[in-house]
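Undergrad: Chain B: place on chain A using the hints.
First to last, the sequence lines map onto chains A and B.
With our numbering, the residue at position 1 of the first sequence is 1, and numbering never jumps.
With our numbering, the residue at position 91 of the second sequence is 234, and numbering never jumps.
No lab work stands behind these hints: they were computed from the structure.
Since we're looking at a predicted model, the values are computed, not measured.
Where a beta carbon is used, it is the ideal one built from N, C-alpha and C, also for glycine.
A couple of the hints might just be wrong.
[What the hints assert, rightly or not] So the derived list for chain A, only partly shown, Cβ under 8 Å to chain B, looks like this:
#1 PRO17
#2 THR19
#3 LEU20
#4 TRP23
#5 LEU24
#6 VAL27
#7 VAL30
#8 SER34
#9 VAL38
#10 THR97
#11 PRO101
[Stated by the list, open to error] Which chain A residues stay away from chain B? Per the calculated CB distances, all over 12 Å, these:
#12 TYR66
#13 VAL99
#14 ILE120
Spelled out, the chains give:
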Amino acid sequence: MATTDRPTERSRLISGPGTLLVWLYGVMVVGAVSRSAVQISTEFGHAPLAYSLSAVAGVVYGFITYSLVRGGERARRAALACCIGELVGVLVVGTWTLVEPSAFPDSTVWSDYGVGYLFIPVLLPVSAIYWLRKARSPKGEVG
Amino acid sequence: MLDALTVATSVAALALAVWCGWAAYRDQPTKDWHFIGMGVVTLLTVVQLVVGIVQLARGEKPEQGTTIFVAYLLGALACVPVTGFMSLTERTRWGSVTVAAGGVVLAVLEVRLYDIWGG
Chain A
1 MATTDRPTER
11 SRLISGPGTL
21 LVWLYGVMVV
31 GAVSRSAVQI
41 STEFGHAPLA
51 YSLSAVAGVV
61 YGFITYSLVR
71 GGERARRAAL
81 ACCIGELVGV
91 LVVGTWTLVE
101 PSAFPDSTVW
111 SDYGVGYLFI
121 PVLLPVSAIY
131 WLRKARSPKG
141 EVG
Chain B
144 MLDALTVATS
154 VAALALAVWC
164 GWAAYRDQPT
174 KDWHFIGMGV
184 VTLLTVVQLV
194 VGIVQLARGE
204 KPEQGTTIFV
214 AYLLGALACV
224 PVTGFMSLTE
234 RTRWGSVTVA
244 AGGVVLAVLE
254 VRLYDIWGG
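Same shape as in the complex, but just chain A (with noise of 0.2 Å):
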């Protein structure tokens, strides 16, 4: 276990595909936090649950445009496990807004799985997530 001792250099995630989902997350934060900022400065009795979840994808989002550009296998890991919980906070919102459009009387970032955003915020965990295992450091167990 001599390579422990070593500082092992982090791996890059952003090079590649990793540049373009950068930039993708990069303007779903702005787009999410900005956006919620507003409404919730301006018209927060409105819409409450809306721009609280707006906010909290914000929050999501900010978090895995860190640990991309950040790097390493730590940073990899928890960028998977908030890409995942990102992906299940789309479908789970998406479909509530559906079956119970009264539940939101202002759209989300994620509401109808994200169709006023291109299917961005849909599509883009998926993207990152098939990134983010083929990037897993060959190396394997590192902490």
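TA: Frame of chain A, contents of chain B only:
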């Protein structure tokens, strides 16, 4: 004036997207000519920001609020330069794909700007 600019910018953004998409298809990174193209598109968004602010100063009101309007103008301005820098650090076809995605995002922002202004 603003509407014409919005249309021109979105057309230029889509042209940039197709151009860089073509480069990516041919497995090429972004080159000098692409950066000139990005410069042209960015110049359009700068003009748009200036014209937008002048319109606001004249007392015209965007239909969906001044804050959102200015936020989208700034977002449109930042869009292509950011992808340009990312393509400088990623000298493969994926840099070109990223700039193409930046062009598409800018075109979407222009459509939203058109709605926000109340065209």
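Undergrad: It remains to establish, for every hint, whether it holds in the given structure.
TA: Results for each hint:
1. Interface hint at PRO17(A): satisfied, since its Cβ lies 6 Å from the closest Cβ of chain B, which is below the 8 Å cut-off.
2. Interface hint status for THR19(A): upheld, as the beta-carbon distance to the closest one in chain B is roughly 4 Å, under 8 Å.
3. Residue-level restraint check for LEU20(A) holds (minimum Cβ-Cβ distance to chain B is 5 Å; threshold 8 Å).
4. The interface hint given for TRP23(A) is met, as the beta carbon of that residue sits about 5 Å from the closest beta carbon of chain B, less than 8 Å.
5. Among the interface hints, the one on LEU24(A) holds; its C-beta lies about 7 Å from the nearest C-beta in chain B, closer than the 8 Å criterion.
6. A hinted interface residue such as VAL27(A) counts as satisfied when its beta carbon comes closer than 8 Å to some beta carbon of chain B; here the least separation is about 6 Å, so the hint holds.
7. A distance limit of 8 Å between C-beta atoms decides the matter here; for VAL30(A) the minimum to chain B is near 7 Å, and the interface restraint holds.
8. The restraint placing SER34(A) at the interface with chain B holds, with a minimum CB-CB distance near 6 Å, inside the 8 Å limit.
9. Because the closest C-beta pair between VAL38(A) and chain B is about 6 Å apart, less than 8 Å, the hint holds.
10. About 20 Å separates the beta-carbon of THR97(A) from the nearest beta-carbon of chain B, more than 8 Å, and the hint is not met.
11. Annotation: interface hint on PRO101(A) violated; nearest CB of chain B at approximately 22 Å, more than 8 Å.
12. Once the 12 Å rule is applied to beta carbons, TYR66(A) is consistent with being away from chain B; the minimum gap is 16 Å.
13. Non-interface status of VAL99(A) relative to chain B is upheld: no Cβ of that chain comes within 12 Å, the nearest being about 28 Å off.
14. Once the 12 Å rule is applied to beta carbons, ILE120(A) is inconsistent with being away from chain B; the minimum gap is 9 Å.
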